[in-house]
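*Asks:* Residue numbers (my numbering), protein chains in the order written: chain H, 1 to 210; chain G, 1 to 444.
These are calculated hints, taken from the structure and not from any lab test. Every residue, glycine too, gets a C-beta built ideally from N, C-alpha and C. Certain hints may be false.
[What the hints assert, rightly or not] Chain G stretches covered by chain H per the calculated footprint, using a threshold of three residues with CB under 8 Å from any CB of chain H:
hint: 1; segment: 30-42
hint: 2; segment: 109-120
hint: 3; segment: 130-140
[Said to hold, decoys possible] Cut-off 20 Å, straight-line C-alpha distance, at most; resulting in silico cross-link-like pairs (SDA-like, lysine to any residue):
hint: 4; chain 1: G; residue 1: Lys196; chain 2: H; residue 2: Val141
hint: 5; chain 1: G; residue 1: Lys193; chain 2: H; residue 2: Thr171
hint: 6; chain 1: G; residue 1: Lys196; chain 2: G; residue 2: Ala177
hint: 7; chain 1: G; residue 1: Lys13; chain 2: H; residue 2: Leu50
hint: 8; chain 1: G; residue 1: Lys193; chain 2: H; residue 2: Val141
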Amino acid sequence: MTQPVANCPNCGAKIVFRWSSSVQTVCDFCKSILVRTDVDLKKVGQVADLPPDSSPIQINSEGKYGNKAFVVVGRILYEYDQGGWNEWHVMMNDGTSAWLSDAQSEYALSFSTKTANLPPAAQLHVGQQFTWSNQCFTVSVITPAHYRGVEGELPFQYWDKTDVTFADLRTESRKFATLDYSDSEPALYLGEFIEFDDLKLKNLRSFEGW
Amino acid sequence: MSAGAPPLSGPPKPQARALNCPQCGAAITLHSFGQAVTVVCASCHSILDAKDPNLAILQQFAAITRDFKPLIPLGTRGKLRGADYEIIGFQRRHSKVEGISYSWDEYLLFNPYKGFRYLSEYNGHWNDITVCKELPMVEGSSTNYFGEIYKHFQTSDANTDFVLGEFPWQVRVGEHAVVTDYVHPPRVLSSEKLNKEVTWSIGEYMYGREIWDAFKLPGAPPEATGVYENQPSLVATNVTGIWLAFAAFTVFLLALMAGFDMRAKKEPILQQTFQLNRGDARGEASFVTNVFELTGHPATVEVKTSAPVDNHWIYLNYALINQDTGQAWDFGREVSYYHGYDSDGSWSEGRQTDAVVIPSVPPGHYYLRIEPEADPLLPGLAYSVDVTRDVPVLGIYGIAFLALLLPVVIISFRAYTFERSRWSESDHPPMQLSNMSGSSGDDE
Numbered sequence: 001m002t003q004p005v006a007n008c009p010n011c012g013a014k015i016v017f018r019w020s021s022s023v024q025t026v027c028d029f030c031k032s033i034l035v036r037t038d039v040d041l042k043k044v045g046q047v048a049d050l051p052p053d054s055s056p057i058q059i060n061s062e063g064k065y066g067n068k069a070f071v072v073v074g075r076i077l078y079e080y081d082q083g084g085w086n087e088w089h090v091m092m093n094d095g096t097s098a099w100l101s102d103a104q105s106e107y108a109l110s111f112s113t114k115t116a117n118l119p120p121a122a123q124l125h126v127g128q129q130f131t132w133s134n135q136c137f138t139v140s141v142i143t144p145a146h147y148r149g150v151e152g153e154l155p156f157q158y159w160d161k162t163d164v165t166f167a168d169l170r171t172e173s174r175k176f177a178t179l180d181y182s183d184s185e186p187a188l189y190l191g192e193f194i195e196f197d198d199l200k201l202k203n204l205r206s207f208e209g210w
Numbered sequence: 001m002s003a004g005a006p007p008l009s010g011p012p013k014p015q016a017r018a019l020n021c022p023q024c025g026a027a028i029t030l031h032s033f034g035q036a037v038t039v040v041c042a043s044c045h046s047i048l049d050a051k052d053p054n055l056a057i058l059q060q061f062a063a064i065t066r067d068f069k070p071l072i073p074l075g076t077r078g079k080l081r082g083a084d085y086e087i088i089g090f091q092r093r094h095s096k097v098e099g100i101s102y103s104w105d106e107y108l109l110f111n112p113y114k115g116f117r118y119l120s121e122y123n124g125h126w127n128d129i130t131v132c133k134e135l136p137m138v139e140g141s142s143t144n145y146f147g148e149i150y151k152h153f154q155t156s157d158a159n160t161d162f163v164l165g166e167f168p169w170q171v172r173v174g175e176h177a178v179v180t181d182y183v184h185p186p187r188v189l190s191s192e193k194l195n196k197e198v199t200w201s202i203g204e205y206m207y208g209r210e211i212w213d214a215f216k217l218p219g220a221p222p223e224a225t226g227v228y229e230n231q232p233s234l235v236a237t238n239v240t241g242i243w244l245a246f247a248a249f250t251v252f253l254l255a256l257m258a259g260f261d262m263r264a265k266k267e268p269i270l271q272q273t274f275q276l277n278r279g280d281a282r283g284e285a286s287f288v289t290n291v292f293e294l295t296g297h298p299a300t301v302e303v304k305t306s307a308p309v310d311n312h313w314i315y316l317n318y319a320l321i322n323q324d325t326g327q328a329w330d331f332g333r334e335v336s337y338y339h340g341y342d343s344d345g346s347w348s349e350g351r352q353t354d355a356v357v358i359p360s361v362p363p364g365h366y367y368l369r370i371e372p373e374a375d376p377l378l379p380g381l382a383y384s385v386d387v388t389r390d391v392p393v394l395g396i397y398g399i400a401f402l403a404l405l406l407p408v409v410i411i412s413f414r415a416y417t418f419e420r421s422r423w424s425e426s427d428h429p430p431m432q433l434s435n436m437s438g439s440s441g442d443d444e
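Sequences and hints are given; from them, build the entire structure.
*Replies:* Structure, rendered in structure tokens:
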């Protein structure tokens, strides 16, 4: 695995990319949001302190998805009126990237899936059904959320967002889908729910008293 | 692999957060590390916004609300399904069915890694509940979940009467949700509809003793009363299976019978006819048959008596005697046949033949000694005695069949009674118990 090394244009600290395709990272020292260009790193913003959260996962946590190992390299934190959730950016040992979401300790792993003709947010309603990858998905909840912050490496530029809409779609199996309306073009993620024990997570945070 | 990377300045270790109630000033501790959305003050029962640093009051009560004491105190930790969980929330809810109010309690359990699960308790019956990640398929009045069919049990309004502790969602006293239960003992699948959102959960029946052990609670759990909707049958989980096993055994018995019947030689040994005259001396006139030889292995010997009795009886004292060893088998047989007419029509009793089987008679030379007795009114008659060697004994199969049938019938009956008690509490009570004057719910 390549580990390109550069220096933070803001504070000069060493920046190591664990995933060669990372587009954005956050300097561990000065919390500058850095975007990779062809030649160097450019500071595009600054991460405010993330609110204390309850996820047991952290950057560098390791786990298993089937027979593939992964390591957590970044995250996006969202909030909505019933709490918050994390989308952890994970790097698989085959070089692909995926998202491990953690919402109230419900864990799911999903992959970005390119599909044409995704419905616009305004046309979406609960109960609506879609078929992707020969699987029928039902919209279970549409959540207006707001971007709360980022950490670590991400496969795209993602910063300075305001409110975004998410739609969760469930199935009669463990498979699920998320429609993400962060950008002008909707993005589809297909994945499945995974039991905490099955993720075989290591390097987790510890909780006082547990 | 990131040995050269700067050390992670990760966030501090999350700890339980201590706050004060803005209403009464009592201390409040949040145990779920930022997952709480609402928290209830244990002293004044105000419902507070756990997301707000100042704990804004969401709901407060003019009068002191009734204080329900959870059976498992908040803060208790126990081991459930292999993980430690802490009781962080409690709510009492009720629903009204046909004018009768039923109350139950729900406990919210938390583990920072595994998340949330619930325990519910009604009349000493417990359920371990988790939220479904998969959508159950509703098919008419039942639901398919992972290939298992859950039958509709009840749809009712669940009203929240009392809350305590913290919750990862918005709770309010007085709110009501439509709860529909589908059962497949020991599991129950519930859909809870609050506003527009439907949440499915799956519960598994637990005994009070298991809960007491898991949370190391003192004393004994409350006695479970009645039969709960998803309580596993105490009698048999699979009555059909028992009947199938019984059927298989019956087939086996029949095969065994047929096999032994085919293998039995049914060798005729002796047939002799004797005359019994009216007025013969009673009980004295014994005589013997011809000597006959039994060869081969020890085998059954059947002695069959045929007498054309007609509203009379004869009684024969037999002795099968081994001429070589003097060994004797004594037995008495009666042949009687009565018939007639009465107010119920024609009747009959007894038969004109009688057969008895003597087991394991060794080879040798034998004869029968016969001492006849007869009805004094009997005119003379001729009766015959047939001796057959190696006959199959079929009676024991009948006894085996009955011995097996009896427990199967008892189990089936008890299982049926249990299921009746279960369903009598549902929207679909068994016919004889349904309330004819009222509506019986949403039967299809």
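*Asks:* Confirm or reject each hint.
*Replies:* Hint check:
1. 30-42: Answer holds; 5 residues pass the 8 Å Cβ test.
2. 109-120: Three-residue rule met by the segment 109-120 of chain G, so holds; n is 6.
3. 130-140: Check passed, 6 qualifying residues.
4. G/Lys196 to H/Val141: holds, 10 Å
5. G/Lys193 to H/Thr171: holds, 18 Å
6. G/Lys196 to G/Ala177: Roughly 10 Å separates the two Cα atoms, so the pair holds.
7. G/Lys13 to H/Leu50: Holds - the C-alpha atoms of H/Leu50 and G/Lys13 are around 14 Å apart, at most 20 Å.
8. G/Lys193 to H/Val141: With Cα atoms ~13 Å apart, G/Lys193 and H/Val141 stay inside 20 Å; holds.
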